[in-house]
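Enquirer: Residue numbers (numbering that gives the first Met the number 0), protein chains in the order written: chain R, 0 to 230; chain H, 0 to 775; chain P, 0 to 98; chain Z, 0 to 338.
Just so you know, the hints here were simulated from the structure itself, not pulled from any lab data. Treat the numbers as computed from the prediction; the structure is a model and nothing was measured. Any given hint might turn out to be false.
No farther apart than 25 angstroms at their CA atoms in a straight line, the calculated lysine-lysine pairs in the DSS-like style are these [claimed, not checked]: (1) K633/H <-> K461/H; (2) K461/H <-> K248/H; (3) K62/Z <-> K229/R; (4) K73/Z <-> K34/Z; (5) K633/H <-> K454/H; (6) K229/R <-> K73/Z; (7) K73/Z <-> K32/R; (8) K454/H <-> K752/H; (9) K34/Z <-> K62/Z.
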Amino acid sequence: MTSALLLAQVEFDVAQNIAFAIIAAIMLISAFKMVTTGNVVHAALYLVIVLAASAAIFILLGSDFVGATQVLVYIGAIIVLFLFGIMLTKAQLGDDDSVEKEQRSMGALVGLLLFVVMAFALIDTFGTQEIEFGNPEPIAYVAEPVDANDLPTPVREALNISANSGTVEISEAQFATLLPEVQRRVPGAEVRGNNAQIADAIFSQYIIPFEAVSVLLLAALIGAVVVARKE
Amino acid sequence: MYSVLAVEAFEASFTTEGNWFLKNVWLIPLLPAVSFFLILGFGKKMPKGGAEIGIAAIGAAFLLAIFANVAWIDHRDNFDGETQSAITGIVDSHSEDENALGDNTDANALGATIDVTDETGATETVDVELTAFVEAGEGGEESHPAIAVVTSQEWLVNGGIPFLVGTLLDGPSVMMLFVVTMISLLVHIYSTDYVAGDSRFTHYFAFLSLFSSSMLIFVLSRSTLQALVAWELVGVCSFVLIGHWWEEKPNSDAAMKAFLTNRVGDVGLLIGIIILFFSAGGTFDIIRINELALAGEISQTALTWAAISLTAAVMSKSGQFILHTWLPDAMAGPTPVSALIHAATLVTAGVFLVGRLYPVFFIGYGIDGSSINGLAIIGSITVVGAGLVAFVQDDIKKVLAYSTVSQLGYMVLALGVGAWTAAFFHLFTHAFFKAGLFLGSGSVAHAVHSFDMKKDMGGLRKYMPTTHKTFLICSVALAGVFPTAGFWSKDEILVGTGGLGVGSGSANGSYHLMLIMGLVGAALTGAYMTRAIYLTFYGEFRGHGEPHESGPRILWPLRILSVFALFGGLVNLPPGFITGSLEPWQERFFHFVEPAAAYFPGIGHAVPSYWLAVIASVIGLMGPAVAYWYYFIKVDGLAKSTGQKLTELPDGLVSNNKLAASGHAMLKNKYYLDHLYNDVIVAAVKGPIAKLAYRFNQHFLDEIVDTAGRTSVKTGQTIYSVIDQGLIEGTVNGSGKLSNRGGGILRKIQTGKIQQYAALLFAAATVLAGIFIVFV
Amino acid sequence: MLLNQFLLLSALLFAMGVYGVLTRRNGVLVLMSVELILNAVNINLVAFGAFQDNVQGDVFAIFVIAVAAAEVGVGLAMVLLMYRNRRSIDFTEVDLMKG
Amino acid sequence: MISLAFWIETTFRSVGGLAAVLLPAGPIVYIFLFKMMSFMQSRLGPTEAGPAGTLQLIAEVGKWIQKEDIFPEKADRLIFAAAPFVVLASSFLLVLVVPFGPDAWFVNLDTGIYFALAVSSVSVIGILMAGWASASKYSMLGGLRAAAQLIAYELPLVLAVMGVVIQAGTLNMQDIVLAQAEGEIFGWGGIGNPFIITQFLGFVIFMIAMQAELTQPPFDMPVAESELVTGYLTEYSGIRFLLFFIGEFATAGVFGMIASVLFLGGWWVPGLDPDSNLFNIIGPGVMFAKVMGVMFLVFWFRFTYPRFREDQLQKLAWKVLIPLALLNIVFTGILKVVF
């Protein structure tokens, strides 16, 4: 039993690693093209690919919400803003970005140096530490007596309760055996998924940064209007 | 998680037993706050311009405050019943065990109170306790049940420190609730007539509501941070209301002055709060700070510095010398606002702050057993200084303003000498007669359209009998004539100084100087009020037109206030003064207002002395007697005989005696403090100091540079002719070329291209990081 | 999965972003490279969040995204202003600080 | 429940996804665009190909497929070619989170509706790509207009959904359906609580914003034939035009599905246990019926109203719909706390 589980875990890991490899490769190639291509619109579209790939990485890491936010904000808004900017300033086809040789070598040197130092530090510090995907959905559950008739069918089926067995109470041990999508339908269950945790963190622990960011956005909005508006 | 904790704390904070009115006092400040927004939003569209919303809100708040007071009295009585032995222990220590207190006060007083906490904790009948929240935060420290009703709400958590808001209801705050809402209600009613037809009528009422609300929040503050917020809100509202008629320059200047002067004190408050926060181990909780201060957990030095900083705040807010100058100028606002500011809200905030954080001052200044300390000095100087200035003012409101400063001096003095109850009692009584006086002066000004007593008033008693009567009653109360409210409170303060061995009781020290200053102040008070009454109501009318009595909405508040001014003092009769069925009325005020809890120091209470009362009354009546002789007999007689409209004797002391003249001029110019601020300090920075710096720069520094330049020129010439020309020209040329080339290379770095700079920055940071990683 | 595979990916992206910022002459492209850098930071944050099994990384990634939106808004407005004044968005032409 | 091997299940779901996007598009075009429009305009519509012109659609598809795929001379060929696929990809990503039955879903994401709204914005990129790569002024202007419009209407769309999310208390689409099935209106659960009743304002805003997102008339300024020829579609022909065309109506279908999940109770019909296995079979049919209902509204408006001017269109979004949607959120929040 244990070995089977382990095997499954390994398989799972392999699938994830393959996915990671594909995403990372796409991402790096696109990023490289983005910083080297001469065409501004192409660069923006490569950036789209990089951002989409990083959204995929977020989902791979179990942060769906950040991934969706990434798509919504970056691809839906920021890139469109970029494309607007490009088209409003220099919407011409073909290459228009001639980079001096000197600058290019300088940039490459700095970038390489940076990467080498960071890579050294990272490998030195974190070595081969694994990300363990623990229990992503901590669940608050308060057992309460409930009429079996009112229980949703999947809950009854999973726990072998018949519809006419009167008042029942589902213990925490029973509850723990259920699948997540069934769990959230048990009366008295509070499923605290990733979203709920993020919301809790933002609106209690990090309420001040949150308010600061909202003020910042407002300031940026006004600032952008003031700067860009014609007299 | 934090949210769960917050919910628990929320629930815990409301499981406190107690009367509904005591637990829900937050409604009282909420009502005027809501009314502020309602008036701003819909006031203009209402038939009465929003005034009805304000009156309804403050009226409801007043009712709630009365209920809260009744509930509080009930609460105290019950508390006493259940913990009778413990309380009598305290009372004993207050009244009988004088010597023990005098000798090693801290230990004894604290021991007594801590006994209370233990017993009540054991019986589990305590209706109030510090919230579970605090305990959760402090990790299992024992809680000190207090006799205050506390509600807490976690505002936010930052850096692991919970910021609490809530209400702290005990004697002083419940008393202030009553005073603030009552005066505010009367001022609201009065204002509907007084500012009727004003272009910013709605705006005025909106801010009146906010003003009341912020003061109520202040008196109910649970934490120093909350108090700071309310304190600032009060300041902002006073700014708006003082500058209500901002179209005229003096008014907006006065508002600005009030605001800026208060800023000085606000810095003090902020520093004080920070000192207390850190020295109390990271808490803003007022009760906790007080407890720690009393238990000796906070170092004496920290408390002293905190007390000094807070004293600055009190000086600015409560108009103590030398930061009082804004207060008379603040008369530029509408008169009802002045009444509100001076009687119930703004200026009493400072006094209340001291009373609220009294252990900080008590320990910090070492109030018990000493004979001099910061608060007492400032208070006594203010009492006399402001009383003298009040004597030479021509503007009736300015007389009252300086009178307020003087009376606030009494309160601060009382706090400084350890007569806490006396200070709050005086605050209580003063609120009524000072509000009555201000509203009365407003009524007069309403009739004659001026505040100048010498030019536009006189003989008004014939035209405005009701105003005259109420003004007279309030003046008598202010002067402290037996048996008006002012007599009882002033007398208690004087007794509290414990000076001269006359009925010293168990006062906290021997403040002889303060007693003398207080007596002088009492005489002065009577004198300047006599002068003001003569100039306003007696003699011949000197203004224009036909003055007429004000309407009922102005007169009824005056009548109510004068009743309170007459009888308000009866709530705190000294022990032994009456007997029989009325005996429970003795020291009612003391009993209900002074906190009897672990967060309040065990202060001694002086036993009142008939001798002192008689002496004080005699000295206090000497002032008015002299003034009466001068104005009512000499001036009035001269005026009648010559038929002139005189306000002073043409050949009086001031015109004959040089010393008196200079003293008069000094008072007229308010001790030149405004000159000091405007002409000396500001001008010094602008003028001489700047010039001096310029001179220094021009003559001294430039001289050095010039000399150095000349010397080097000469040396250079010498070197040029002797060494250079012959010897090292080649070398120099070589080095010149070298530096030229070097400059050329370095110049390339200075391209003005952002990205090159960025590249250098990144490269340097990376190299540094690399070095850090490899070698550290 | 290894923590380092995400961190190294992020480091590489960061380095590329820095390269872009340093070499690009077009203002819009510089801003895009900045986005690349911010994105690398986000990957770092989320990876550490997963590593420690809490959501703080996610929360800060969301904050970074919000700040990035503000940054692009203001940045593009400035680029637009520059274009209006100079008819060019070449950063190398902005060299009033030239020594 | 039958459990299948992971790969079989995945294949089923993938094929199902394709079908879910493409299958409704045909009926929508035939029933509404061909027949309903004709009847509303008092004409017959296609009659020749097949009975009542049912095969007309196939004829049209055949026509587009066999046409030459023309690239403009100055066009950026790669982007020009890729643009229609990006637009279509957005529809395929959208359908992923739509549930068709208790177990008939493609992915059951916790962030369901949020994800859907996020990927729906991807199509803007495709449209801008098409507009820019065509190297034509008409296309460029059309692309910019489309992008501006799509961004403007994205906001009311998201905000209208917020009301539903607050009421259901979840972002998960499946749970939203269940919330409606298990909900009660003042204690009466006879028809559950379809959010169209409690969120009627949200539904109206959602429908208007959706109409604009689909660039259907009266919001078809970006493809206005009379002034921009056909906007970003001007230079497209043959199979790529067909892809855009399919993308437009497939997206309409998917948006119809989302609308019916959010407001009409999704795959559930009143009177049946939402947990019964029956819904895995009839669920898609129920959904189809509801989608047709929603589409009827969309096309009804399409044929009824004249085109908005660009400024009117922006004003409607920013000055009417967004404030209304915010109000809706506020009231929903208050009511959620109260009840």
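Enquirer: Could you check the structure against the hints above and give me the numbers of any it violates, in ascending order?
Expert: 2, 3, 4, 6, 8
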